[in-house]
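The listed protein sequences correspond, in order, to chains B and H. Counting with the numbering used here, you get residues 1 to 444 for the letters of the first sequence. Counting with the numbering used here, you get residues 1001 to 1483 for the letters of the second sequence.
These are computed hints drawn from the structure, not numbers from a lab. From the three backbone atoms N, C-alpha and C, an ideal C-beta is built for every residue, glycine too. Incorrect hints may appear among the rest.
Stated by the list, open to error - A few chain H residues that face chain B, going by a derived Cβ cut-off under 8 Å, partial list only: (1) G1032; (2) S1034; (3) D1036; (4) T1040; (5) P1408; (6) L1410; (7) M1413; (8) A1423.
Unchecked claim - Okay, derived cross-link-like pairs now, DSSO-like style, lysine-lysine, Cα gap no bigger than 30 Å in a straight line: (9) H:K1456 / B:K333; (10) H:K1357 / B:K51; (11) B:K374 / H:K1148; (12) H:K1357 / B:K333; (13) H:K1348 / B:K333.
Here is what each chain is made of, one letter per residue.
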Amino acid sequence: MSRAETQPYLERFRRLEPSAAEPTWLHGMRDAAIERFAEFGFPSPRLEDWKYTSVRSIATSDFGGAPPARNPFSKRDVAFSLGGDFHGRILAFADGRYAPELSTIEALPEGVIAESLATALAGRPACIEPHLGRVATWDAPEDAFVALNTAFLGDGAFVYLPRGAVVEAPIGLVFLGLRNGAAPISQPRILIVAEAGSRATIVESYAGCGPDAYLTNAVTEVVVGAGASIDHVKLQCESGSAFHVSALQAQQSRDSRFASHAISLGAALARNDVNARIDDAGAEAVLNGLFVASAAQHVDNHTEIDHAKPHSQSRELYKGILAGRAHGVFNGKIIVRPDAQNTHAQQANDNLLMSEDARINSKPELMIHADDVKCSHGSTIGYLDESALFYLRSRGISAVEAREFMMRAFASEVTRAIGSAPVRTRVDELVTARLARGAPLEIA
Amino acid sequence: MSRTSSALERLANREYEYGFVTDIESDSVPPGLSEDVIRTISKKKNEPDWLLAWRLKAYRHWLTLADAEPTWANVHYDPIDYQKIVYYSAPRPKKKLESLDEVDPELLATYEKLGISLAEQKRLTGVAVDAVFDSVSVATTFKKELEKHGIIFCAFSEAVQRHPELVRSYLGSVVPYADNFFATLNSAVFSDGSFVYIPKGVRCPMELSTYFRINAENTGQFERTLIVADEGSYVSYLEGCTAPMRDENQLHAAVVELVALGDAEIKYSTVQNWYPGDEEGRGGIYNFVTKRGKCAGARSKISWTQVETGSAITWKYPSCILLGDGSIGAFYSVALTARRQQADTGTKMYHIGKNTKSTIISKGISAGHGQNSYRGLVRINKGAAGARNYSQCDSLLLGDRCGAHTFPYLEVMNPSATVEHEATTSKIGEDQLFYCRQRGISEEDAISMIVNGFCKEVLRELPMEFAVEAQNLLGVSLEGSVG
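Using the sequences plus the hints, can you model the full thing?
Structure representation (structure tokens):
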């Protein structure tokens, strides 16, 4: 793509005034990142990883308008994102900036930190420096959006779990986009560091409203220490005119467990990258995903599980429901490195095409360099089971209801794997509402 | 483990059984590629002007592709110097051959070593063999019997002379000259190959077979095969190859085009056992082939069956364009990579017509430092209502330094389609091996049995003679292996 499209971002970067509270190493990282972004430009469909997704519409719009001076959101919007039963600490963000007035400061176990990244960068840079920008990669043209996020890195969330800490209630991170700003861009950065033996559920929820376009470009870095267990839920409910690009990279130590549940319901164009790197023996990665798209929505899911060390296992299940003229993409890569003996990897991608004009590109990949492994993948594409539909119809259930019923059943295989009950309930409610509405949801 | 690794070592280092060079005077053009070389090839073959024009069109297009040599495949090799390749080499014609007795005895001996003596074939098996030695057909048998049915089975160059109208209307109709880098190169310089035409309603009474050999040093082989099955006809075609051992890499960029009209069926089988290079990865054939079939008519059927055990690098995607309503495509493949062999192979199924069906069964076996990739595309176009695809791609790993990769692309644009893909990767089951050993079956035999079982779904698609050869080939290749 043409370099001209990066110009507005480069100029905005030059005008950026670094806060005095920030550590100086961050300035160096931002400089390096903007250089990479300037070099790469926006990813072109000529890159294999972007083959089916054109970001022209993002590249040619000038996102970066000033957010409204006054925070336009209320606690009701936060409740929409997480549901009424959610009783945990909530950090809320409006157009990418931390909004303390919308946040809920529930007490956390001793030593556990969940605060805005800007606060943490000012207050405890030493906790952040070893990890920030080192887990996610931004040195290849495929990662141009990560480089862009890093260049403008300023706010987001920092979650820290000390050794052995167990946080029962989920921690919620709510990102609200656009009520009346001018094409704003929100680039939150989330860093989750779980020390050995700790355990927590973290929910990232994105929602928006309004007829105008805005861009969310989020990056999440997760460090899962030895024996730690992180359940990560991402609920993407952006408005139908939004653009959503996100990348999550988890780095797993010995015997750790990382589970990602990525639910993608909104946005005109959504691109989700979820990558787990198993860096030590005995770790387990679970990547689950559900994407629902209709009208002209485009949703692209890229996942990569890198088994770099032996005795690890991974399970992956992505399900897509596509209606209208929607275009879905699934690309799942499983890599087993030469030393990673005794790897078990299972991957599945199932898709429903609900209309004549919907389409799907599915590309499950295996790259295996070790021999003592059991790896499999499967992919299916089709319509609802006609005989099951007939069964429901014959019992007096309307065609519309029967279809919705079956789509919900199809989706539930993904949602029911979410461990936290209040989160699962809210995800189910939103999925049901999304399927019934047949269009992206908006916060009221 | 050490016991099995040493067995593995033996597999990875097995000698190439068919390595020998036949010393026959070759009538070659100097190395290099230019319009003059193409004109020379065309003139030597006494081609009509339209064919020369087509070659030149391809050559001029190829020049524009200078930077477009494909790099996306999961294979690695040093850049090819296209100016070092000899683009034409033919055994010197002595005189018109009337019988096998007049064929160069050394050439016959070559076939003898390969176990495909023409005389034997002719007398015993009822297989018509159009032997391609380097680039020019030197003997064609069973012609009379085929002629009785109106079947045309001859060298491509002969078809150009005798059936120009058929060649002209189908040449490039499936693989156009601008299709891809290697197909374009082939279109410019192709030397010879086979041509088959099966008339309406005729069921070809025998398996048609061509043995290709690459012989003269530095000679790239640029075969061009065209098979046309007219309405309601049936043909089974076998292609098999071995090549002499050599140090320098040899490029093989063939093009195969199949056209099946309404209700016709073409079954195309390949056993490929070219020189894979030595254990350091030196030498060996670069097999960059474009094979594609068009199911042009309703209810037509094309199936590709391949057993790929040779070549240093294989880059090959036999494909089916399912244009006719209710047409059927199939791809059955066994690919074995040992030593430092690399294979990036698979298929493409384009579903265009309604109620089209395709089946893909791919079995990859990696040993030594071999890298084996399955790359396949299943595309269901918007109009392909009721399309159905089933793909299964299994990989077997023998040894901890090899790799098995799977890159399936599924592109579906019609909700009434059903597409299923599954793939597994694992090593030979210790328990299976133990079971066999416990019953007194040697480790080598046990591995051979298990691998043959793994490949059974593909091997049973081969015609009988080929199935035996293929099974032996796998057996030889896997002598004493696995971990």
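Hint check:
no.	hint	result
1	G1032	violated, 32 Å
2	S1034	violated, 32 Å
3	D1036	violated, 36 Å
4	T1040	violated, 38 Å
5	P1408	holds, 6 Å
6	L1410	holds, 4 Å
7	M1413	holds, 4 Å
8	A1423	holds, 5 Å
9	H:K1456 / B:K333	holds, 28 Å
10	H:K1357 / B:K51	holds, 26 Å
11	B:K374 / H:K1148	violated, 55 Å
12	H:K1357 / B:K333	holds, 27 Å
13	H:K1348 / B:K333	holds, 20 Å
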